[in-house]
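The residues making up each chain are set out below.
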Amino acid sequence: MIDLRDVSKTFTLHNQGSAVIEVITGASFQVAAGECVALTGASGAGKSTLMRMIYGNYLTQSGTIRIGDVDIVGAQPREVITLRREVLGYVSQFLRVVPRVPTLEVVAEPLRAVGVSAEAAEDRARTLLRQLNIPERLWSLSPTTFSGGEQQRVNIARGFAHAYPAMLLDEPTASLDATNREVVLSLIEDAKARGAAIIGIFHDEAARTRVCDREIDVSCFASRVAA
Amino acid sequence: MTPLLSVQGITKTYGAHIGCADVSFDLYPGEVMGIVGESGSGKSTLLNCMAGHLVPDAGQVVFDTRSDGPRDTVTMSEPERRMLGRTDWAFVHQHARDGLRMGVSAGGNVGERLMAVGDRHYGDIRDKATDWLERVEIHASRVDDRPTTFSGGMQQRLQIARNLVTGPRLVFMDEPTGGLDVSVQARLLDLLRGLVRDMGLSAIIVTHDLAVVRLLADRLMVMKSGHVVETGLTDQVLDDPQHAYSQLLVSSVLQV
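Residue numbers (numbering that gives the first Met the number 0), protein chains in the order written: chain A, 0 to 226; chain B, 0 to 255.
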């Protein structure tokens with residue numbers, strides 16, 4: 000489902016003496032449907048960078064990153080947008096929303112975008128919010144005023160609303176209490192069971208061993224000279 | 000898929016000074032493109048060339064018309080271009096006063112666009128105008144008031160209602176949230192995003208506010224001194240800018 004071949008990435012900082020930072024060289028791996036793979040490595044090794052490259056958020060200098068039948072390297076913006084809408088989900092660590100939009104709509108939106116009716120989308124959103132223990136009295140409010148943990152759970156609900164065939168999870172269980180951590184892990188297991196290919200970053204080792212089938216150490220793709 | 004708008008080699012100079020030089024891109028139905036850059040970088044010149052307000056020195060602006068398919072709007076006749084301006088195109092000015100008739104009631108401002116495309120039943124026009132005022136969160140009781148009695152944010156929302164009432168397919172926006180306070184900006188962004196999604200609009204938004212494009216635009220074009228220096232997916236350009244100027248632009252935003 001997800002197939003990386005000889006992928007590399009450098010950052011060029013034009014305004015800081017044109018410093019060139021090589022972050023990743025020659026990364027190759029595959030993730031099959033129904034498989035969950037953890038990216039590991041010390042902080043700064045390039046886990047998030049690699050994940051953002053797969054999402055098309057960071058530009059990849061060379062190699063190919065195929066998700067289904069789309070190569071994200073060199074794809075047109077509208078191809079990437081379609082891919083993100085239908086195929087590739089991403090749960091980041093931060094919730095970014097338009098101010099004033101109620102939580103229920105924020106969570107239902109990915110489903111509305113793929114053409115699900117407002118009613119069905121909101122039903123699914125309600126189920127997820129209930130599962131993740133967001134009190135019902137908050138559903139009609141914008142999540143911008145929520146606590147950090149609540150925002151993260153809204154973000155997870157939003158990320159799992161649509162059944163994406165491929166998912167990227169950036170620390171989905173960080174800063175969650177035991178009950179909610181359990182809910183998130185079961186959501187991941189459900190996604191695997193329905194055949195989603197998942198790449199995740201988990202600092203929580205117990206969570207990693209429970210849901211991940213194998214680990215990929217990103218530091219072996221790191222350039223030797225990298226700072 | 001046929002692009003809704005295909006811009007090829009648009010160049011506009013003011014004497015020896017370059018307004019915008021050799022700009023080309025395709026915009027597909029349902030896409031929202033942001034154009035960013037510092038003031039004087041040629042954003043508005045480009046927008047006005049595309050919308051037919053300025054005549055470019057060179058280049059084509061090919062629009063996929065409903066009746067005849069793709070047509071170059073630069074070379075089409077003035078009446079045809081004006082017809083497009085009343086029907087499939089909309090233009091939201093930075094200053095609402097430029098896009099409104101200040102001496103005519105709010106309802107009249109919205110109704111005028113409808114009458115221009117052939118609506119004649121007064122009751123229907125008034126109903127539609129009232130409906131649109133409510134959609135942009137202006138209370139129906141204000142339908143007979145003149146825009147001069149409205150606040151700046153209300154005027155801007157009225158301008159949007161006036162522009163969208165005829166169901167355009169392409170909206171040009173020049174700094175639509177410029178000069179508005181942040182709470183009004185947020186309401187307007189929410190409104191615009193909803194309209195884009197529900198009506199399947201395509202839009203080109205000129206702004207220097209990077210937060211606005213992050214929320215509204217799918218794609219981004221960065222301009223400097225009349226030239227396009229970088230294009231791409233909005234979050235990619237903002238999070239991993241490649242060109243020196245884009246990097247400077249992104250890193251210059253003050254953190255709140």
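FYI, nobody ran anything at the bench for these hints, they're computed from the structure.
All figures in this text were calculated on a predicted structure; none of them were measured in a lab.
Among the hints, erroneous ones may be present.
To be verified - Heads up, incomplete: computed chain B residues facing chain A, CB under 10 Å, no partners named: (1) Met0; (2) Asp21; (3) Gly29; (4) Arg141; (5) Asp189; (6) Leu215; (7) Leu232.
Stated by the list, open to error - Label-pair restraints from in silico Cβ distances: (8) A:Ser139 to B:Thr147: 48 to 58 Å; (9) B:Asp67 to A:Gln15: 35 to 45 Å; (10) B:Glu79 to A:Ser139: 25 to 35 Å; (11) B:Glu136 to A:Gly114: 39 to 49 Å; (12) B:Met114 to A:Ala117: 30 to 40 Å; (13) A:Pro101 to B:Ser251: 48 to 58 Å; (14) B:His120 to A:Gly114: 26 to 36 Å.
C-beta atoms are modelled at their ideal positions from N, C-alpha and C, and glycine is treated no differently.
Outcome of the hint check:
A hinted interface residue such as methionine 0 of chain B counts as satisfied when its beta carbon comes closer than 10 Å to some beta carbon of chain A; here the least separation is about 9 Å, so the hint holds. Taking 10 Å as the C-beta contact cut-off toward chain A, the hint placing aspartate 21 of chain B at the interface is violated, the least distance being around 20 Å. Because the closest C-beta pair between glycine 29 of chain B and chain A is about 9 Å apart, less than 10 Å, the hint holds. Violation of the interface hint for arginine 141 of chain B is found here, the shortest Cβ-Cβ separation to chain A being roughly 21 Å, above the 10 Å cut-off.
Because the smallest distance between the Cβ of aspartate 189 of chain B and any Cβ of chain A comes to about 5 Å, under 10 Å, the interface hint for this residue holds. A hinted interface residue such as leucine 215 of chain B counts as satisfied when its beta carbon comes closer than 10 Å to some beta carbon of chain A; here the least separation is about 9 Å, so the hint holds. At its closest, the beta carbon of leucine 232 of chain B sits 4 Å from a beta carbon of chain A; the interface hint therefore holds under the 10 Å criterion. The supplied range of 48 to 58 Å is broken by serine 139 of chain A and threonine 147 of chain B, whose beta-carbon atoms lie about 36 Å from each other.
At roughly 52 Å, the beta-carbon separation of aspartate 67 of chain B and glutamine 15 of chain A lies outside the given 35 to 45 Å, and the hint is violated. Hint check: glutamate 79 of chain B to serine 139 of chain A, Cβ distance near 48 Å, so the stated range 25 to 35 Å is violated. In this structure the hint that glutamate 136 of chain B and glycine 114 of chain A lie 39 to 49 Å apart at CB is violated, the actual value being about 27 Å. For methionine 114 of chain B paired with alanine 117 of chain A, a C-beta distance near 33 Å keeps the hint of 30 to 40 Å intact.
The hinted window of 48 to 58 Å between proline 101 of chain A and serine 251 of chain B is violated, with their beta carbons roughly 33 Å apart. For the hinted restraint 26 to 36 Å between histidine 120 of chain B and glycine 114 of chain A, the CB-CB distance of approximately 34 Å keeps it satisfied.
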